[in-house]
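Student: Got chain P; can you put chain E on it based on the hints?
One line per chain: the protein sequences are P and E, in this order.
Heads up, the first sequence is in numbering that gives the first Met the number 0, so the first residue is 0 and it goes up one at a time.
Heads up, the second sequence is in numbering that gives the first Met the number 0, so the first residue is 0 and it goes up one at a time.
There may be inaccurate statements among the hints.
[Claimed, not checked] For each label pair, taking beta carbons as the anchor points, the in silico distance ranges come out as:
no. : chain 1 : residue 1 : chain 2 : residue 2 : range
1   : P       : Arg37     : E       : Gly41     : 16 to 22 Å
2   : P       : Thr430    : E       : Pro12     : 15 to 21 Å
3   : P       : Phe385    : E       : Gly24     : 46 to 52 Å
4   : E       : Gln100    : P       : Arg8      : 43 to 49 Å
5   : E       : Gln100    : P       : Gly2      : 42 to 48 Å
6   : P       : Arg37     : E       : Pro12     : 25 to 31 Å
FYI, nobody ran anything at the bench for these hints, they're computed from the structure.
On a predicted model such as this, the values are computed, not experimentally measured, just so you know.
All residues carry an ideal CB built from backbone N, CA and C; glycine is no exception.
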Amino acid sequence: MNGDRWYRRLLRLLPFDMRTDYGRDMEQVFREERREARARGAHGPVMAWAHAVGDILAIGPREHAAQMAQDARYAVRNMRRQIGFVVIALLTLALGIGANTAIFSVVHAVMLAPLPYGEAERLVSVANHWPGNTRGGMSDPEYLDYAERSRGLRIAAMSGVAMNLVGGSGDPERVTGALVTANTFEVLGAQPVLGRGFAEGEDREGRTNVVLLSDALWRRRFAADAAIVGRVVNVDGIQCTVIGVLGSAFQLPIEFQGAGGIDVIRPIRLDPGAPRLKRGGHYLNGVARLQPGVTVRAAAADMDGINAALMREYPDQYRQGGFGIDVMPLREALLGDSRPVILILAGAVGLVLLLACANIANLLLARGESRGRELAVRTALGASRFRIVRQLLTESVLLSLAGALAGLAVAGWCQRGILSVAPGALPRLATVTLDRPVLLFAAALGVATGVLFGLIPAARLSRVPVTASLKDGGRGSTDAGRRRVRQALVVSQVAIAVVLLIAGGLLLKSFTRLMAQPAGIDTSRVLTFRISLPAARYGGRPEVAGFFSRLLERVASLPSVQSAGAATGLPLALASGDWSFDVEGRPRVNGRHSGAADWYVVTPGYFETLGIHVVRGRTPVASDDEGAAPSVFLNETAARVFFPNEDPIGRRLQMTRTTGAEQPWRTIAGVVSDVRQRGLDEAPRAELFMPHRQFQHFAAGVQARAMTVVVKTSGDPLPLGTAVREQLRALDPEVPAAQMRDMEMVLSQSVAPQRLNVLLIGAFAVLALALALIGLYGVIACTVQQRTREIGVRVAVGASRASVLRLVIGDAMRLTAIGVALGLSFALAFGGVLAGLLFQVGPRDVQTLALVGVLLPACAALASYIPARRAMRVDPVVALRGD
Amino acid sequence: MKRRPEALLPLTPPMFQVLIALADGEKHGYAIIKEVARRTGGAEQLRAGTLYTIIRRFVQEGVIVESDQRPDPALDDERRHYYRLTDFGREVARAEGQRMQTVLGMARAKNLIPRGRPA
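This is chain P alone, in the form it adopts within the complex (with noise of 0.2 Å):
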């Protein structure tokens, strides 16, 4: 007895039908067989069961795949008889789980994918912070203090810059480069794929010159020269060996944040032997190994007990107070505040494939009525229940997996799309691809959707009774509570609607309200481009404003052009960071500066070429030079800030210095109006300008060499291009001009994460509605189809024309009217996810809610008003006599 137990489990291998059908067989024949082999003596039944096993583990995927691809051939069968309900399901899932695979594709790569580097898991970040900044860097000595004295952590330090490149193919060209500690790449546990990392010590003073080269670069410069390794190459007039090149997937953890790549690494210099008084220049990025059992949180409170012992040692330093140090996990930092809006994006095409799921579950429901007496013919020749569900469901995984493949291409399309919309606007987005995980994504998708579509029509269609089906030929008691079921499908998908048009309508009220701020410039027929001069050619002050002035002059010269200038920040694109100063008269109180503000050099001419106004006094002009009395320009916040009340024009202020010469008390000139400088969603801060003829930096042999110029042309400014590019051949061959683009596009680039969110909220949105109306059309015209008779009856005994009308229409009211409730509800309770996204509206915007909840049943009557003509048309005779 005991041994049938047995086998009965083994044969649960088998597919559900064979056993139902001969499972009893089964176990009776081999019953017998091992009466037998009991008769041969002891090892006969072990015999017996190892043939038993052997047998069963060899057909069972065997009949497996057999039923699949049968059911599978009689679902393709049926839906060649069906071609127009097909498509329209194929379309239907193609657009949802295409959008949900392209969502994923972004989500893998900017949160799931792994980190270029060996037990990324293991690396955090490290970064200062203090009053106004969150999260900010660190300068040199802190960086050699806090890699000394930490215990929990390996130290690494980087930061961006750009550098100029002359060697291999090409003209001189404008990279992006960084300077680095040595020791990054063994802290970042990654190594050049050609050649060596920086060994240690390389980032002291006094080391010959090495570089490190991007895959991209090695590529497009060098043509992938394999013996690339020793050659010299000239990166800001400076020769530097090239030591390795780097894998094509390596990233620095500073260049996730933006699109373009770093090509060139250099090892930074730090002289650990000079005193660590200046501390103020906070412009390294940490990243830090976790030694071996140390914890983040254990790391962190070892940083906190450094920071503490510094501020200690350096008062004078750290006087303002509130000066931090943050450890985290790296993954997360990179991520930054981007994660709320891949959920919310990924929450909102979820909803996208629900809806899409609901809608082909009513087609399939709308269908089974016609199927029903199919299925009963079945059931009647001896198809299990079971059977009729696998059927079924077979029908409909096959079908989205169908949709599935052709989502792929809607995903490819998506991704292009998202990428050109904004590049930049996520961390790691631009390496987005459909790459293995997603295809398995949206394989896993398919299946899931066609069983998630599928399920409720197969539970419901496979419960027809029989006999009333065949009787009446597919109309029987289930009809209501199949209709209900449709009913609750249409409400949800309304609901859902609701909360994604919401949701849309929020964004888009939010993006008109950011772009109607006021720049503070203007950006029509702006040229604008980056120019940065070589340390090595360029040494002071003279060199470098002289070449600024012959350039302007060559490019205000040109035809077409209006005026020109430059400045060490761009408008909406580049920002400087703060620099305190003092103003004369006001003594510093308990050590502390008057104030401290962005600061930025110009050239004469930039204001102008930008439509920045001047408020008072007057602007840079070309007499603003070493001769003359140093000026400096206020905006109007600083003007605000630092002197309300009085007349500024005229005030004397000076720069606090760090290791260059004593800095020059500057007279106020002029307050110019306010420019949203960080971008448009953020207020202008106070900015001083000083003229780049009178500019000495804060700290020695620093010059303002890389520069913004601005052109205003008096037509289109980009064709410009090609001229300007001469001139400045003419000037010096081996500068190049990076980043050469119009104003107009720096300030659609300023706004691309928002232009993203309401883009793809927005056409989440629009499909929602269009696969709701949709639904609800589906609905109310099979509602009238079924109705006829009764329709047909109440026009018989008087009812006019409009009330029928009024009957249909009524209808789909309640059902929209219920679903718009609970769509408000939901967007109600939980729009506070939204906040984060929103500029200068509420998450529960009265005007929006009221106008979603307006415009949907609108919608909502306008597809039904179709059926509910037809409902009006029913004749009385034909419809009683039909039946």
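Tutor: Chain E in isolation, oriented as in the chain P frame:
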């Protein structure tokens, strides 16, 4: 539409053996296994799983049917199901035999099988 028996060919050796076993009358599963083993001198040992996948396929294809007639319950276990060849099934068995004969003829023509030796 009348189906052509050739559509099911070639049969696997166990399938053909099952048809041969049923050629002289209806049998239940265990009897088929015994008959095949006896006839092939134990070379073809069908197991329950293999046998019933064949039976299932043959029933679906209309090659065999479950027999309505049962021996006296006193003589036999009533749980057993008996199967018999249909007319179509007999045609299939014949067609397979014909096919094999043709193949054998080809092999003989090339002297791969000694002539005159009983099959």
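Student: Indicate, hint by hint, whether the structure satisfies it.
Tutor: Hint-by-hint comparison with the structure:
1. Remark: the range hint 16 to 22 Å for arginine 37 (chain P) to glycine 41 (chain E) is upheld by a beta-carbon distance near 18 Å.
2. In this structure the supplied range 15 to 21 Å is violated for threonine 430 (chain P) paired with proline 12 (chain E), their Cβ-Cβ distance being about 57 Å.
3. Separation of phenylalanine 385 (chain P) from glycine 24 (chain E) is about 35 Å and departs from the stated range, judged on CB atoms against 46 to 52 Å.
4. In this structure the supplied range 43 to 49 Å holds for glutamine 100 (chain E) paired with arginine 8 (chain P), their Cβ-Cβ distance being about 45 Å.
5. With their beta carbons about 43 Å apart, glutamine 100 (chain E) and glycine 2 (chain P) fall inside the hinted range of 42 to 48 Å.
6. In this structure, arginine 37 (chain P) and proline 12 (chain E) meet the distance hint of 25 to 31 Å, their C-beta atoms being roughly 29 Å apart.
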